[in-house]
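Student: Chain by chain, the residues run as shown.
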Amino acid sequence: MTVVGISAQRSDAVVKVRGEAIYGVDVALPGALHARLLRSPVAAGQIVGLDLSGARETTGVRAVISAEDAPAHRHGLVINDQPLFASERVLFEGEPIAAVAAETEAAARQAVAEIGLEIEEEAAVVDLESAVTAEARLVHPDWGSFVAVGEDFPRGGNVAGEVLAEPPGVDEAFAAADLVVEDVYRAGRQYQAYLEPKAVVAQYESGRYTVHVSHQYPFNVRDRLAQALGVRSSAIRVVGHHIGGGFGAKLDLGIEPYAALLARATGRPVKMVLDRAEDLLTCPCRENALVRLRSAVSRDGSIVAREIDVLMDAGAYAGDAPLLTSLPLLLAGAVYQVGPTRVRARAVYTNTTPTGAFRGVSGTYLVFALERHIDHIANALGRDRREYRLRILMEDGDRLLNGQELPDASILREAFGRIEEVAPWNALGDAPLRGVGVAAAVWLTNPMAGSAILKLHEDGTLGVVTGATDNGSGAVTMGITQIAAEELGLRPEDVVVSMPDTDVVPYDSGSQGSRTTQIVGRAVREAAVEVRNRLLSAASGLLEADAKDLELVGGKVGVKGVPESQIALAEVATAATFSEGPIVGFGSHVTSTPAHDPSCASGLLFPAFPTPTYHVHLAEVEVDPVTGNVTVLRYVVAQEVGKAINPDGVLGQIQGGVTQGLGYALYEGLHIGDDGKYRQRTLEAYRLPIAPDIPRVEAILLEHPNPEGPYGARGVAEPPVVPVAAAIANAVSDAIGAPIDAIPITPADVLSAIHAKRP
Amino acid sequence: RPPLVVGSGGGDLPVPSDRAGRVSLSLTVNGRLHRLDVEPAETLLRVLRERLHLLGTKEGCVEGECGACTVLIDGRPIDSCLVAALAVEGAAVTTIEGVGNGGLSAIQEAMARTGGVQCGFCTPGFVMTLTALLADVSQPTEEEVRLALAGNICRCTGYSQIVDAALAATAITP
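Protein chains in written order, with my numbering: chain V, -8 to 750; chain R, 6 to 179.
Hints are computed from structural coordinates only; laboratory data are not their basis.
The model shown is predicted, which means the values in this text are computed figures rather than measured ones.
Idealized CB from N, CA, C, for every residue including glycine.
Watch out, some of these pointers could steer you wrong.
Computed beta-carbon distance windows for the label pairs [what the hints assert, rightly or not]: (1) R:Gly108 / V:Val581: 23 to 33 Å; (2) V:Ala739 / R:Asp79: 38 to 48 Å; (3) R:Asp79 / V:Asp492: 37 to 47 Å.
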């Protein structure tokens, strides 16, 4: 291999360092209007007055629309529970009530300010535990009328989705246990805080909508917009541009329907860009959650049974939350051997902004809870925390709680060992107010369908036509590019990957769950077989040699062992194009769902972990006892990557993922008041990690090739965020000698934990 | 009886001030003099993006927090979202389009090579901040680089490869 495995420069690096890359916010169409939304200023209430006349009379306004101008049906990713505009009741702060299109952004803002809105405010449903009691006010009194997109699933009242597992033997094991360890963990909301705010430009022409986006999943925009507008999906064309970060928040439908409706109403292109505050207040953030964990432990340290109960905040509409309730079952019996485990996981409707996907969905706080709990058990047993983990670690062939076998789980033991070589456990955290923490996780590679068309251009370069998007990870601009180049003996710079256009490119499931390099890379390899065969067949005629004696090297086809008998790809491609037709190949791939026991639980919409990867993280921290500040002294990651297609790219994903995890663990928290509103409303108040905060992560790449992945690759980019809060919380607890069971761990939390343990 | 909320749903979002008469402005951007009519409170960022169509300067927050809109004003890195265009009349403004002299500067080259770019939306701002740093300090330490970058947020990279780029660029431009 000459291109796969090298740290090639990403294909969009130069346009990005020169500021030439066009993002969603930069897209401009001739004659475009500017759109703004009237959003609810309160989290819960009855709309008793809505007067749009002032807005309609504002100079420069071309359209003002509200619920009566939009389709009446509800839409959703998993359950159809969301209207485009609130009409009678508002259910979260920021919920759209009306939309305006005007000649200038200032006029659109002015028009929104002219709308007369009267709301009788109601008490907001906020607290998760109260929300699931029988007395709770229902966020959706009409929940029973909602229709699921697929098969219906367990839900009811304020519970938007529920997973239940009741294996035999749990109560008996607890009754007989030598030790029962019980904990409650809390996690806050985390804002994706991509640097490019959400933006869209929509056009309407003769029954079809063209929508320009910077979105991780253009085909989902197509299908969800079609669903929301009540049109067939071929009536929507989605064109993708450079994405200024997404991290999961640009996977589902967002503001696209409002621009589309306004474009139709005005006959003009309509552009909408969110303010940062508006983006923050309405973004589908990582959900806040409450995790209760109990383990029954025998004297020798074995965990003989377990119970986990999780409440996840879905916000006012379900979004993907019913899918995420599968995560507790998939994670509660991963990494360590545990006995039969009772699982209850509920997504809860509240009067808060709907939550959604964020890199490492739900795993960040579930692993935090599971690994804090392991520290608690080890401490209760008087065992060393690392040695105890090695004692109960999964082995090859052990099974998750869904019955799925992990044939290579011993990679976890290897990862612990590799970290020990560079960061010996007993030498770390060994000073006052210093602490060390370790955490491990199993994560998945998203399995969803992807495809690619390869075209050999007449100048001998290769076009890759795909709906895959590069959200910044490099999965397209390094991974796919390098794999395609490798297949045909080209340089990465001789490969051009298309930007997404749903009218043109074959289907792709978007940049989510680290899937792009594995799934689309595999599709590219399949497509390359066809290209290669046609190429060699055409060249064999031109070179008068048997196709099996030909090879592809350095942009040429040559006869093996005869260096003077070579012909440029450009010549072969041109000859083919003007005789039998252009040289094109197609490939597609989807990972099948691993074998598991479907009867293990009810409500399991996401039943297994395809292409598992293995992760161990270690953190050493120092706590300032005066300020409560936590300094991360060392951070070490051992990660199973299958095959690093681009090692620098992998390191960038690990450093970046860990940094998001450090923000989650130490700085970032959206606190929700009793009124259902966020307390942090700007990037000044919502503290993101900056360069002086963050240590250089020491990364150890483990490479056990995935037989199904291209060149052995597995998903890489998502999981580095997953174990971080766990490792940091364990290290801080070790440093101060008191348990930290809530994230983010603010300086005030550290100080109160220190003071609480003083006699 | 529950409280009644009356008024615009703009919430905490800013409402535009009345549009007063425009004023004329002479602005030097990337060495070229522009004569423009702008609104008195118009920010430099707006002028650059909407009047001069220099789209490389990005709008990330308009709060002066993210640094994506960083430009150089007489060589100093400034958030252009916080500066009134009128306030920089007579000053020399440099944007990302003015860096690299048609090719790539040492810092741009290093950012591309070391993996300092992922989604790239923050990248022009980082290039501008580092351009100013390297003009001031020829051989900064890693700590100096990190401190200089404290006003630029990158959500993708975790900063290490950007810091590497700055250190690599100083190695080739003494």
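Student: If a hint holds in the structure, say so; if it doesn't, say that too.
Tutor: The hints, checked one at a time:
no., hint, verdict
1, R:Gly108 / V:Val581: 23 to 33 Å, "violated, 43 Å"
2, V:Ala739 / R:Asp79: 38 to 48 Å, "holds, 41 Å"
3, R:Asp79 / V:Asp492: 37 to 47 Å, "holds, 43 Å"
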